[in-house]
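Protein chains in written order, with the numbering used here: chain Z, 1 to 294; chain A, 1 to 243.
Check each hint, because a few of them may be wrong.
Heads up, simulated DSSO-like pairs for lysine-lysine below, C-alpha to C-alpha not over 27 Å straight-line [stated by the list, open to error]:
#1 Z:Lys-59 with Z:Lys-164
#2 A:Lys-77 with Z:Lys-59
#3 A:Lys-6 with Z:Lys-164
#4 A:Lys-77 with Z:Lys-127
#5 A:Lys-6 with A:Lys-77
#6 Z:Lys-179 with Z:Lys-164
#7 Z:Lys-18 with Z:Lys-59
#8 Z:Lys-164 with Z:Lys-127
Between beta-carbon pairs, the in silico distance windows are [stated by the list, open to error]:
#9 A:Ala-166 with Z:Leu-114: 35 to 41 Å
#10 Z:Arg-245 with A:Asp-241: 53 to 59 Å
#11 A:Arg-240 with Z:Ala-272: 55 to 61 Å
Residues from chain A that face chain Z, not an exhaustive set, calculated with beta carbons under 8 Å [what the hints assert, rightly or not]:
#12 Lys-6
#13 Ser-14
#14 Leu-15
#15 Lys-77
#16 Ser-78
#17 Tyr-83
#18 Thr-84
#19 Ala-85
#20 Asn-86
#21 Pro-87
#22 Ser-164
#23 Thr-165
#24 Ile-167
#25 Ser-190
#26 Asp-191
#27 Glu-237
Since the hints were derived computationally from the structure, they do not count as laboratory data. Keep in mind the model is a prediction, meaning the values are calculated, not measured. Think of the CB as a built atom: it goes at the ideal place given N, C-alpha and C, for glycine as much as any other residue.
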Amino acid sequence: MIEVQELTKTYRHFTAVKRLSFTAQPGEITGFLGPNGAGKTTTINMILGLARPDGGEAKITGRPFRELDDPVGTVGAVLAGGAFHDGRPARSSLLATATVAGLPEGRVDEVIELVGLTDAPDRRVGKYSLGMRQRLSVAQALLGDPQVLILDEPTNGLDPGGIKWLRDFLHRLAHEDGKTILLSSHILSEVRETVDTVVVIAEGQLASEFSLRDLEAGVQQVIARTPQAEQLVAAVGRDGARASRDVELVRISGMTSLEVGQAALEAGVALAELRSEHPELEQRYMELTQGKGR
Amino acid sequence: MGAQVKAEWIKARSLRSTWVIVGLSIVGVLAQAITALAGHGSDAAATTQDVMSGSGLTLVLMVVIGAMITATEYTQKSIISTYTANPNRLRVALAKAIVIVAIGLVVGAISVPLSRLVAAIWFAFGSGSWDAGLGTAVHYAYGTMLAYAGFGILGVMIGLMARSTAIGVGVAFAAIFVVDPLLGAISLYSDYSLTGISNTLTDPNSHQTASQPAFGSAIALLALYVIVLGLIAIAIEETRDVD
Numbered sequence: 001m002i003e004v005q006e007l008t009k010t011y012r013h014f015t016a017v018k019r020l021s022f023t024a025q026p027g028e029i030t031g032f033l034g035p036n037g038a039g040k041t042t043t044i045n046m047i048l049g050l051a052r053p054d055g056g057e058a059k060i061t062g063r064p065f066r067e068l069d070d071p072v073g074t075v076g077a078v079l080a081g082g083a084f085h086d087g088r089p090a091r092s093s094l095l096a097t098a099t100v101a102g103l104p105e106g107r108v109d110e111v112i113e114l115v116g117l118t119d120a121p122d123r124r125v126g127k128y129s130l131g132m133r134q135r136l137s138v139a140q141a142l143l144g145d146p147q148v149l150i151l152d153e154p155t156n157g158l159d160p161g162g163i164k165w166l167r168d169f170l171h172r173l174a175h176e177d178g179k180t181i182l183l184s185s186h187i188l189s190e191v192r193e194t195v196d197t198v199v200v201i202a203e204g205q206l207a208s209e210f211s212l213r214d215l216e217a218g219v220q221q222v223i224a225r226t227p228q229a230e231q232l233v234a235a236v237g238r239d240g241a242r243a244s245r246d247v248e249l250v251r252i253s254g255m256t257s258l259e260v261g262q263a264a265l266e267a268g269v270a271l272a273e274l275r276s277e278h279p280e281l282e283q284r285y286m287e288l289t290q291g292k293g294r
Numbered sequence: 001m002g003a004q005v006k007a008e009w010i011k012a013r014s015l016r017s018t019w020v021i022v023g024l025s026i027v028g029v030l031a032q033a034i035t036a037l038a039g040h041g042s043d044a045a046a047t048t049q050d051v052m053s054g055s056g057l058t059l060v061l062m063v064v065i066g067a068m069i070t071a072t073e074y075t076q077k078s079i080i081s082t083y084t085a086n087p088n089r090l091r092v093a094l095a096k097a098i099v100i101v102a103i104g105l106v107v108g109a110i111s112v113p114l115s116r117l118v119a120a121i122w123f124a125f126g127s128g129s130w131d132a133g134l135g136t137a138v139h140y141a142y143g144t145m146l147a148y149a150g151f152g153i154l155g156v157m158i159g160l161m162a163r164s165t166a167i168g169v170g171v172a173f174a175a176i177f178v179v180d181p182l183l184g185a186i187s188l189y190s191d192y193s194l195t196g197i198s199n200t201l202t203d204p205n206s207h208q209t210a211s212q213p214a215f216g217s218a219i220a221l222l223a224l225y226v227i228v229l230g231l232i233a234i235a236i237e238e239t240r241d242v243d
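The following block holds chain Z by itself, in its conformation from the complex (with noise of 0.2 Å):
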């Protein structure tokens, strides 16, 4: 678990995080969202004893990032714009943070191949691609199997077939195997797809604490794309849904797109497209940090 109770940093005249205070919990992945210059990196440096808080703390299982007796074991954190020196070859800054946990070298080449830098894993950081270098940040995170990840913008330069892998990992750590997962990010579509709760912090004060499947419970609404709109209409609206028609396009509320989807099924309507549409989030988004960005 994350515990942050009343952090504040201040840099001269200004104050970059201010009085914040949220946990992440075991199990989860808790996207951390606002602007740029919000205070979300100050905020993941000062948890990870990168900075000093001026007041209140940061605590991992319990205690201060500073006092962990096996930090590698404990947390992992995928920095934004990565944290590797561009002339040492890849595997050998993991072979340091390795030696340095008391791990085997083995385990250096178990994250090598689960993160898939196997084609290169001597060649330097410097020549690694973004995405390969995000890649690389994840796996230095897993090195020590850690119960707590934390991952600023972990998704920049990934290509949408490293997004997709990076987000059903995190599935599978925080759901699976009960991992705490922190997600710093300002893209909207990629915490949507990914997160269960949802800190938004805007000019460094905590702006709103949520759960996603709750307020997606709220107004979700599912799109159709079906030649018998008419007849998925009338099978959704005999469940109590609300549904509207465009020619082929139908908007459904009320109903999960796995409801529509077995509607659909027991009216026989063919569907040429189902999914859900969550414009609440960005509207609570836009309401919380509007005007706000640094």
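With chain Z fixed as given, assemble chain A onto it according to the hints.
Just chain A now, kept in the frame of chain Z:
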């Protein structure tokens, strides 16, 4: 602590720049010996002194490599990986210092036998003589190793404070090789100057002048400078943020 030292060694050895500088250090030693032999006169003792005294270029390079080992961690942001793996900054700094000491000792240990080898080949094919028994060689090697190791640590600490390769190397170079010799002209400081210390250590048989400390004093003074600068650098590092 052992694991951190091993990790720092893995980091140092995996960079080409480390080996380039170590290679140049060896070249510096060879150049020093050849230059001394080419200009040698009839004085065997003076020839020995010139051939075997540690190279000034190598001393500079030891400072540069020390500053680079720490400063590039900040310019390349790899210090984030270092501190998230081990948040104990004192241990990290000590581990880096131990690695540079090892490099300095090895380069110093290589330099004297290498100089002797060059001299032996030179005298085998030409005229002249020198006076370099095993005892003399060991004495030179001992002082040279200490000088390289000590100046390497000074570089590490300056790099730690500068957090920039260019600034770290520039400050280290200016402080040790420009400001210090200039201050050495002031009689009050000259007995304690780094220039005097390095001259004594790399050339223990040199004729002592008023501006050069004795061999034992030079070791003690260098140790004092290393400890004081190290304490200042680590105290500053403990309070600074990494971003």
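Here is what the structure says about each hint:
no.	hint	result
1	Z:Lys-59 with Z:Lys-164	violated (30 Å)
2	A:Lys-77 with Z:Lys-59	holds (24 Å)
3	A:Lys-6 with Z:Lys-164	violated (37 Å)
4	A:Lys-77 with Z:Lys-127	holds (16 Å)
5	A:Lys-6 with A:Lys-77	holds (20 Å)
6	Z:Lys-179 with Z:Lys-164	holds (19 Å)
7	Z:Lys-18 with Z:Lys-59	holds (17 Å)
8	Z:Lys-164 with Z:Lys-127	holds (24 Å)
9	A:Ala-166 with Z:Leu-114: 35 to 41 Å	holds (37 Å)
10	Z:Arg-245 with A:Asp-241: 53 to 59 Å	holds (57 Å)
11	A:Arg-240 with Z:Ala-272: 55 to 61 Å	holds (59 Å)
12	Lys-6	holds (5 Å)
13	Ser-14	holds (4 Å)
14	Leu-15	holds (5 Å)
15	Lys-77	holds (5 Å)
16	Ser-78	holds (4 Å)
17	Tyr-83	holds (6 Å)
18	Thr-84	holds (5 Å)
19	Ala-85	holds (4 Å)
20	Asn-86	holds (5 Å)
21	Pro-87	holds (4 Å)
22	Ser-164	violated (15 Å)
23	Thr-165	violated (11 Å)
24	Ile-167	violated (18 Å)
25	Ser-190	violated (40 Å)
26	Asp-191	violated (41 Å)
27	Glu-237	violated (12 Å)
Checked against the numbered hints given earlier, the structure breaks hints 1, 3, 22, 23, 24, 25, 26 and 27 and satisfies all the rest.
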